[in-house]
Amino acid sequence: AQSVSQHNHHVILSEAASLELGCNYSYGGTVNLFWYVQYPGQHLQLLLKYFSGDPLVKGIKGFEAEFIKSKFSFNLRKPSVQWSDTAEYFCAVNGGGSYIPTFGRGTSLIVHP
Amino acid sequence: GAGVSQSPSNKVTEKGKDVELRCDPISGHTALYWYRQSLGQGLEFLIYFQGNSAPDKSGLPSDRFSAERTGGSVSTLTIQRTQQEDSAVYLCASSTDGATNEKLFFGSGTQLSVL
Chain U
1 AQSVSQHNHH VILSEAASLE LGCNYSYGGT VNLFWYVQYP GQHLQLLLKY
51 FSGDPLVKGI KGFEAEFIKS KFSFNLRKPS VQWSDTAEYF CAVNGGGSYI
101 PTFGRGTSLI VHP
Chain D
1001 GAGVSQSPSN KVTEKGKDVE LRCDPISGHT ALYWYRQSLG QGLEFLIYFQ
1051 GNSAPDKSGL PSDRFSAERT GGSVSTLTIQ RTQQEDSAVY LCASSTDGAT
1101 NEKLFFGSGT QLSVL
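Here the protein sequences line up with chains U and D, keeping their order. According to the working numbering, numbering within the first sequence proceeds without interruption in unit steps and concludes at 113. According to the working numbering, numbering within the second sequence proceeds without interruption in unit steps and concludes at 1115.
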């Protein structure tokens, strides 16, 4: 069975600080990896995804994530956060041909202006 | 509408009552998912519909939970004899064809509170 672990449950940063949110998954085969974001009062939406090719994936609003197969990781990064990045971030994985993404517990990010 | 629509947005019920939650996916999307999000927890998979195939019910926590999808479009999640531990946000999502690398489009959820 696939599982996803997000190490940081709550992160507080000041504007312009760099961000890295950890995500590790358990499945050993071919995977599709996703980061979703939920801004306050809004629905969950896709930030970026990886399914093949370049392991460094770029998403919306300056976010990127790197798939490191040997570490079973897909960490989310942004070099300089903004107050508007305050949100809940969820990592998700589909493995082994499963059509059902497994989600992590989520990381709450608060960015102070 | 342009997105996934869920109703009601909030539901308060008494323990032991039945509730029905509705999801209207994006038109043309054949795959539909139900997830549950409890306070401080991630998204817990409940059930998956894909076209006319039999649904994947492997995530339903008990036989009090059931769901159907009529005409390949609207879906209803029913919880019978609600318990306090059923309190959560119930999220519906749809995708174009349920392919493994497809992104999910989520609704705003139904906040269920069982008193």
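Bear in mind the hints are in silico, worked out from the structure with no lab data behind them. Built from N, CA and C at the ideal position, the CB exists for glycine as well. Treat the hints with care, since some could be wrong.
In silico lysine to aspartate or glutamate, DMTMM-like type, Cα no more than 20 Å apart, as pairs [as the list claims (entries may be wrong)]: (1) D/1103 / U/66; (2) D/1103 / U/54; (3) U/49 / U/85.
Not close to chain D: a few residues of chain U, all C-beta gaps over 12 Å, as computed [what the hints assert, rightly or not]: (4) 5; (5) 9; (6) 17; (7) 18; (8) 22; (9) 31; (10) 55; (11) 64; (12) 68; (13) 73; (14) 77; (15) 86; (16) 94.
Against the structure, the hints:
no. : hint          : in the structure
1   : D/1103 / U/66 : holds, 18 Å
2   : D/1103 / U/54 : holds, 18 Å
3   : U/49 / U/85   : holds, 18 Å
4   : 5             : violated, 10 Å
5   : 9             : violated, 8 Å
6   : 17            : holds, 25 Å
7   : 18            : holds, 25 Å
8   : 22            : holds, 14 Å
9   : 31            : violated, 9 Å
10  : 55            : holds, 15 Å
11  : 64            : holds, 17 Å
12  : 68            : holds, 19 Å
13  : 73            : holds, 17 Å
14  : 77            : holds, 20 Å
15  : 86            : holds, 18 Å
16  : 94            : violated, 5 Å
Checked against the numbered hints given earlier, this structure breaks hints 4, 5, 9, 16; the rest are met.
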